[in-house]
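Undergrad: Sequence:
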Amino acid sequence: MKKKSAIQYLFVALFFLSGISVFAQAKVKSQQSKTIQDTTKKSSALIDSTKINLNFKYKSFKNKAHASYYANKFNGKKTASGARFDNNKYTAAHRKLPFGTILRITNEENKKSVIVVVTDRGPFSRGREIDLTKRAFMDIAQNKNSGTLKVTIEIVEKQ
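Numbering (the numbering used here), first residue to last: 1 to 159.
Source of the hints: derived by calculation from the structure; they are not laboratory data.
The beta-carbon is built from N, C-alpha and C at its ideal position, and this holds for glycine as well.
Incorrect hints may appear among the rest.
[Said to hold, decoys possible] The list that follows gives simulated cross-link-like pairs (lysine-lysine, DSSO-like), each with its CA atoms no further than 30 Å apart:
| id | residue 1 | residue 2 |
| --- | --- | --- |
| 1 | 112 | 78 |
| 2 | 158 | 73 |
| 3 | 73 | 96 |
| 4 | 62 | 134 |
| 5 | 78 | 134 |
[Said to hold, decoys possible] Ranges of calculated distance between the beta carbons of each label pair, as one might list FRET restraints:
| id | residue 1 | residue 2 | range |
| --- | --- | --- | --- |
| 6 | 110 | 82 | 29 to 39 Å |
| 7 | 77 | 55 | 12 to 22 Å |
| 8 | 159 | 71 | 28 to 38 Å |
| 9 | 109 | 84 | 24 to 34 Å |
| 10 | 145 | 122 | 17 to 27 Å |
| 11 | 109 | 59 | 16 to 26 Å |
| 12 | 55 | 124 | 11 to 21 Å |
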């Protein structure tokens, strides 16, 4: 198993300790530099309009993967990693990727993307590759009434 980089630990620590999601849609400034913007509400006193500029590279994991989202009935329940599930955060469930893995999920139709952290196991429906929180799913969905998307999954690595 590969050692996790310091940036992965940073994102996981920010996510679990603050209780506030600082992951957001990634926008490419250039091929060398990526910007992750904060999508939390502007009223947040801790990270109001914070931008983190770091160099990342994205390792392709799977194209044309089917993604779905969690139902609201799972809010507050423990995930496989031991964290409490919250449908308003940017997390995901994957069958094999290690907990704490940071992923960029891109909708193949409209090219919108979101950064999520793997905190759970699943999905257990045949043909589905990844489960996203409802917030992450709706951020990239073109049709808000749809329950599944075709997405590209990329692993975020520090350059």
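Undergrad: It remains to establish, for every hint, whether it holds in the given structure.
TA: Do the hints match the structure? See the list:
Restraint check: the Cα-Cα separation between residue 112 and residue 78 comes to about 29 Å, which is no more than 30 Å; the hinted pair holds. Proximity of residue 158 to residue 73 is assessed by CA-CA distance (about 35 Å); at most 30 Å being required, the pair is judged violated. For the suggested pair residue 73 and residue 96, the alpha carbons sit about 24 Å apart, so the restraint of at most 30 Å is met. As the CA atoms of residue 62 and residue 134 are separated by approximately 21 Å, the hinted pair is consistent with the 30 Å bound.
Between residue 78 and residue 134, the direct Cα distance comes to roughly 17 Å. Compliance with the 30 Å bound is thereby established for this hinted pair. At roughly 34 Å, the beta carbons of residue 110 and residue 82 sit within the given window of 29 to 39 Å. A C-beta distance of roughly 36 Å is found between residue 77 and residue 55, which places it outside the suggested range of 12 to 22 Å. Roughly 37 Å separates the CB atoms of residue 159 and residue 71, a value that falls within the hinted 28 to 38 Å.
Range check, residue 109 to residue 84: about 32 Å between beta-carbon atoms, so the 24 to 34 Å window is met. About 22 Å separates the C-beta atoms of residue 145 and residue 122, a value consistent with the hinted range of 17 to 27 Å. Restraint check, residue 109 to residue 59: a C-beta distance of roughly 22 Å satisfies the suggested window 16 to 26 Å. Against the hinted window of 11 to 21 Å, the Cβ-Cβ separation of residue 55 and residue 124 comes to about 36 Å, which falls outside the hint.
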